[in-house]
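There are 2 protein chains.
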Amino acid sequence: MKKIMNPIKQNGSMEIRKMYYVLVYDIASAKRLPKALKICRKFLYWIQNSVFEGELTKSQYLDIKMQLLKVINKKEDSVIFFAIRNPQVVDKVILGKEKNEISNFI
Amino acid sequence: MKKIMNPIKQNGSMEIRKMYYVLVYDIASAKRLPKALKICRKFLYWIQNSVFEGELTKSQYLDIKMQLLKVINKKEDSVIFFAIRNPQVVDKVILGKEKNEISNFI
Numbered sequence: 028m029k030k031i032m033n034p035i036k037q038n039g040s041m042e043i044r045k046m047y048y049v050l051v052y053d054i055a056s057a058k059r060l061p062k063a064l065k066i067c068r069k070f071l072y073w074i075q076n077s078v079f080e081g082e083l084t085k086s087q088y089l090d091i092k093m094q095l096l097k098v099i100n101k102k103e104d105s106v107i108f109f110a111i112r113n114p115q116v117v118d119k120v121i122l123g124k125e126k127n128e129i130s131n132f133i
Numbered sequence: 028m029k030k031i032m033n034p035i036k037q038n039g040s041m042e043i044r045k046m047y048y049v050l051v052y053d054i055a056s057a058k059r060l061p062k063a064l065k066i067c068r069k070f071l072y073w074i075q076n077s078v079f080e081g082e083l084t085k086s087q088y089l090d091i092k093m094q095l096l097k098v099i100n101k102k103e104d105s106v107i108f109f110a111i112r113n114p115q116v117v118d119k120v121i122l123g124k125e126k127n128e129i130s131n132f133i
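Those protein sequence lines, which keep their order, are chains Z and G. Add 27 to the 1-based position in the first sequence for the numbering used here, that's all there is to it. Add 27 to the 1-based position in the second sequence for the numbering used here, that's all there is to it.
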């Protein structure tokens with residue numbers, strides 16, 4: 028795995044490029060579910076039942092992916108990452124209840 | 028609601044602009060769930076438990092939104108649309124089982 032050696036600078040010219048991710052999972056076992064939830068919460072914001080979003084560096088993305096691959100059953104579970112290079116082209120529209128109001132998406 | 032009068036032409040210069048949508052829902056009632064599922068399946072591709080994707084014209088988007096608003100309980104349920112103006116900036120990565128292999132995303 029490629030290691031990013033520079034620290035992440037917020038709003039700096041040396042800023043490591045981040046991408047926006049929307050992650051959805053479908054975990055078939057009640058035993059594996061809390062493990063997957065815990066990993067996703069470490070890296071991303073929970074926005075709805077089994078849906079997360081947030082910014083990740085390449086290194087963080089590889090990290091969450093590796094951690095999830097250790098936990099899920101590849102024959103039964105499914106995790107989808109939507110990786111958005113330019114979050115300005117995405118609008119989020121919510122109907123009904125906003126489950127989690129803490130969100131940094133756009 | 029604005030009506031689009033021209034027919035949709037595939038790959039034509041007069042093509043009505045479509046956007047890509049990822050829709051996720053969290054429906055709290057087992058009674059409302061099949062109704063929401065049916066509406067989403069009419070317009071989009073089901074890709075995972077409670078996750079759909081596909082292209083919609085503005086008119087179709089307003090239509091699915093209106094139909095879902097009639098069915099959901101706004102205090103208990105949640106529907107999120109991620110509207111992506113330029114689907115070329117989105118990559119989809121799947122870990123584990125691909126629940127639905129029929130997909131026109133990207």
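FYI, nobody ran anything at the bench for these hints, they're computed from the structure. Treat the hints with care, as some may be off.
Here are a few chain Z residues that sit away from chain G, every Cβ distance over 12 Å (derived from the structure) [as the list claims (entries may be wrong)]:
{"hint": "1", "residue": "Ala57"}
{"hint": "2", "residue": "Lys58"}
{"hint": "3", "residue": "Lys69"}
{"hint": "4", "residue": "Ala110"}
Ranges of calculated distance between the beta carbons of each label pair, as one might list FRET restraints [stated by the list, open to error]:
{"hint": "5", "chain 1": "Z", "residue 1": "Ser86", "chain 2": "G", "residue 2": "Asn100", "range": "13 to 23 Å"}
{"hint": "6", "chain 1": "G", "residue 1": "Lys58", "chain 2": "Z", "residue 2": "Ile43", "range": "26 to 36 Å"}
{"hint": "7", "chain 1": "G", "residue 1": "Ile121", "chain 2": "Z", "residue 2": "Ser56", "range": "33 to 43 Å"}
{"hint": "8", "chain 1": "G", "residue 1": "Lys102", "chain 2": "Z", "residue 2": "Lys101", "range": "34 to 44 Å"}
{"hint": "9", "chain 1": "G", "residue 1": "Arg68", "chain 2": "Z", "residue 2": "Asp90", "range": "32 to 42 Å"}
{"hint": "10", "chain 1": "Z", "residue 1": "Leu96", "chain 2": "G", "residue 2": "Thr84", "range": "17 to 27 Å"}
{"hint": "11", "chain 1": "G", "residue 1": "Ser86", "chain 2": "Z", "residue 2": "Met93", "range": "36 to 46 Å"}
Straight-line alpha carbon distances no greater than 30 Å define the calculated DSBU-like cross-link-like pairs of lysine-lysine that follow [claimed, not checked]:
{"hint": "12", "chain 1": "Z", "residue 1": "Lys65", "chain 2": "G", "residue 2": "Lys102"}
{"hint": "13", "chain 1": "Z", "residue 1": "Lys69", "chain 2": "G", "residue 2": "Lys62"}
{"hint": "14", "chain 1": "G", "residue 1": "Lys119", "chain 2": "Z", "residue 2": "Lys119"}
{"hint": "15", "chain 1": "G", "residue 1": "Lys101", "chain 2": "Z", "residue 2": "Lys124"}
{"hint": "16", "chain 1": "Z", "residue 1": "Lys124", "chain 2": "G", "residue 2": "Lys45"}
{"hint": "17", "chain 1": "G", "residue 1": "Lys62", "chain 2": "Z", "residue 2": "Lys124"}
{"hint": "18", "chain 1": "G", "residue 1": "Lys45", "chain 2": "Z", "residue 2": "Lys58"}
{"hint": "19", "chain 1": "Z", "residue 1": "Lys45", "chain 2": "G", "residue 2": "Lys62"}
{"hint": "20", "chain 1": "Z", "residue 1": "Lys124", "chain 2": "G", "residue 2": "Lys102"}
{"hint": "21", "chain 1": "Z", "residue 1": "Lys119", "chain 2": "G", "residue 2": "Lys102"}
{"hint": "22", "chain 1": "G", "residue 1": "Lys65", "chain 2": "Z", "residue 2": "Lys119"}
{"hint": "23", "chain 1": "Z", "residue 1": "Lys119", "chain 2": "G", "residue 2": "Lys101"}
Backbone N, C-alpha and C fix where the C-beta goes; we use that ideal spot for every residue, glycine too.
- Among all the numbered hints in the text so far, which are the ones the structure does not match? 4, 5, 6, 7, 10, 13, 18, 19
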